[in-house]
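**Q** Listed below are the residues making up each chain.
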Amino acid sequence: MGGVRVLVGTRKGAFILTSDEQRRDWRVDGPHFAGWEVYHVAGSPADPDRIWAAPSGGWFGQVIQRSDDGGRTWEAVGNDFSYASPAGEHQWYDGTLRPWEFARVWHLEPSPTDPDLVYAGIQDAALFRSVDGGVSWHELAGLREHGSGPQWQPGAGGMCLHTIVLHPTNPDRMTVAISAAGVFRTDDGGTSWRPINQGLLSDGIPSPAAEVGHCVHNLAMHPARPDTVYMQKHWDVMRSDDGGEHWREISGNLPSDFGFPIAVHAHEPDTVYVIPITSDSHHFPPEGKLRVYRSRTGGDKWEALTEGLPQQNCYVDVLRDAMAVDTLDDCGVYFGTTGGQVYGSADSGDTWQPIVRDLPPVLSVEVQTL
Amino acid sequence: MTVRVVLPSHLRQLAHCDRELVVDAEATQRAVIDAIEQRYPALRGTIRDPATGRRRPFVRLFACGEDLSHESPDAALPSAVVDGSEPLRIVGAMAGG
Chain A
452 MGGVRVLVGT RKGAFILTSD EQRRDWRVDG PHFAGWEVYH VAGSPADPDR IWAAPSGGWF
512 GQVIQRSDDG GRTWEAVGND FSYASPAGEH QWYDGTLRPW EFARVWHLEP SPTDPDLVYA
572 GIQDAALFRS VDGGVSWHEL AGLREHGSGP QWQPGAGGMC LHTIVLHPTN PDRMTVAISA
632 AGVFRTDDGG TSWRPINQGL LSDGIPSPAA EVGHCVHNLA MHPARPDTVY MQKHWDVMRS
692 DDGGEHWREI SGNLPSDFGF PIAVHAHEPD TVYVIPITSD SHHFPPEGKL RVYRSRTGGD
752 KWEALTEGLP QQNCYVDVLR DAMAVDTLDD CGVYFGTTGG QVYGSADSGD TWQPIVRDLP
812 PVLSVEVQTL
Chain B
6 MTVRVVLPSH LRQLAHCDRE LVVDAEATQR AVIDAIEQRY PALRGTIRDP ATGRRRPFVR
66 LFACGEDLSH ESPDAALPSA VVDGSEPLRI VGAMAGG
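First to last, the sequence lines map onto chains A and B.
Every position in the first sequence, counted from 1, becomes a number in the numbering used here once 451 is added.
Every position in the second sequence, counted from 1, becomes a number in the numbering used here once 5 is added.
Okay, chain B solo, but in the shape it has when bound (with noise of 0.2 Å):
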């Protein structure tokens, strides 16, 4: 299935994509983030810890409006993720101001 995932600025930067993708993957955060990394080698590493395979503090997961941050990496996604009509969002936390 395809999943639409939004990725904040500094990683569109680091892998030269645009702001939304769409990645053939299953609806899991896992296999979400093992589809971006497999498609943009540039980003593996930064969303998870490549020694440890956990998320990265400053970093959370959200769609339609929940934060997932915490859920299972292997927990399906919503079903509004997996029928296309929200993405999964990457987000860093807000800093700077």
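So here's chain A without its partners, still in its complex pose (with noise of 0.2 Å):
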């Protein structure tokens, strides 16, 4: 079967958009655990017909689902997410301490080789790796341990570990990244881990160019060039070539360098997409106008995508995990908005539809390649 399968995460369930390779007519498939908040949904590379699925609510916590036939039918894994070491302080907003504590699973990231090996990025901020397949939940306590994190503080969602980078080709080496404490590399498999910030520059904190503090939002990375990391900032686009050890500012002519997602194209890894937002306190597109913007020159030079887009009165968000791509010969792109939106160009975002219209406020896109 060819074709692309698109795992939609809402403020209330889950949803699976299916296609063929035309990527035209749709099939739309959920709720799936209706009512809960489902910040990510992920499929494993090694294994499309495994997904997991991460709900959670106020009232009844965290649970993870997985399925092995593609999203049809779903069973609990494990949820138990303990700190592996005394879990220690951090900044709160007002500057003082407050103890570590587990609020939700933002982000899973599974193996691209290994059906059974997944990770979890979590708030308060940490990262967990499982290799039974989500049964059961390991910290790799080494990135909250090695020692600037009780200077981490969260930003306006949490204090969360939002982003997981997998190394394609070196298992020993993941980049993360934490809102707002920023970007974090191991070259060890996750036993030792240290801040890769340099470059960054954040007004809103006391020492604009701190190690740690950062508002990192995202970041994307194409497997054929796994040193260029591409990164959006609170403020600021910014690029690596050396696997993160320095950043440079790419923000060029975007109307706004404020947004949360950056995606990478399939099969040019020069060719990177961010959706501009107004600002930190206007979380909607510069002019009413929703527009994708993409760089086919590694950033710098920006073109607006706007065909099949709304151009006028548009404030909708998108959201930092709810854009994606697909592998298909003529790259998808997907995003999804706020507003409950789903868009999709099969043609490099020349041109958009949306899939579907009226989905809860969508909180995170992943696709998967069929």
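I should point out that these hints are in silico values taken from the structure, not numbers from a laboratory.
Glycine is no exception: its CB is placed at the ideal position from the N, C-alpha and C atoms.
Chain B residues, not near chain A, derived (Cβ > 12 Å throughout):
hint, residue
1, Asp23
2, Ala32
3, Asp39
4, Cys69
5, Glu71
6, Leu73
7, Asp79
8, Pro92
9, Arg94
The following label-pair restraints were derived from C-beta to C-beta distances:
hint, chain 1, residue 1, chain 2, residue 2, range
10, A, Ser732, B, His21, 41 to 51 Å
11, A, Leu652, B, Ser74, 46 to 56 Å
12, B, Ala98, A, Arg808, 25 to 35 Å
13, B, Arg59, A, His597, 23 to 33 Å
14, A, Pro659, B, Asp79, 50 to 60 Å
15, B, Arg24, A, Thr778, 39 to 49 Å
16, B, Gly58, A, Asp567, 24 to 34 Å
17, A, Asn764, B, Ser90, 56 to 66 Å
18, B, Val96, A, Pro550, 21 to 31 Å
With the hints in hand, could you dock these two chains into one complex?
**A** Laid out in structure tokens, this is it:
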């Protein structure tokens, strides 16, 4: 079977959107876990029938569900995310110290090669690993304990580990991003970690070039060029060509360099997508025009992609995990909005169509190419 | 013995079960919740925090019009629950309007 499966997490459940390679006609299945906040749904690249979902809620906590039949049926797996060591304290918004406390899973990152290996990024920020398909979870505590943790502070959404980038060929290298702490990397499989934020400048923090404290919103990497990492920061779109050791700004001619998601074209490592948002207090597109911006030069020069997207009176947001690409020959690009629309493009962003218009607010979008 | 239990809608939705269950358990909160989690693994950790074992703050337990939320988890449930004339009600705090 060819085609794509778009996995959508929303404030009130998960939805699965399926189409063939043409990506014109779509089937919408869901809601799965109706009423639950589903921050993320992710499929295993090693076994596309295996999908994990992370429903949570303020009343009944966090559950993790797994499907082994492409999302038709689900079973509960492990949901014990106990920190591996005394959790310690981190900065609260007002500068006081606050104990580390589990709140929810923000992101699941399945291994590209092992269907039983999956990572979870949680709030309060920590990284967990499961080697048994999600049945049990174990913290890679070296991240939380490497030393700068007491300086970390929550972003507006909480102190969350929201992005996990696995190196395509070196299983010892992982890069994660935490709001509002920054980017951290391990080169020994998760035992030891260090901050890699050199070159980031954040005007909203006491020391703009600090080693930690940056509100990094999302990272993206093309597997053919793993030393190049793209970043959407709170403000600024950034790029590193040495695995995150040094960063430089590539915001160029964007109408706003505030935003949440960032994605790379499946076949063109220099083609990057962002969705500008007006500001940190105005979480909607500039001028009420929903525009995806594409750079074919690895940043700095950006073009607005508007065909099929609303160009007036549009005041939705697009959250950090809510954009993804497929790997079909003509790369598909997808994103979901807080207004409940999921848009797709089957031509690398040149034209767009709404796949579905009236879902609950979209929290995450992932794509499986089948 | 058997105990009747009424679940809130979010948990019924997750476990794909009816509003009211009957579980085989000793008539204590702990034993009843243990039995629910055993029968419906999807509900593990939803009534009690999996790390601490404590009742979640927004989850309450009632029976016979009485709030049992702050009783010891090992205290005996009311006789009307024991004899099956009343269910143990697991309730999520009201919210939304």
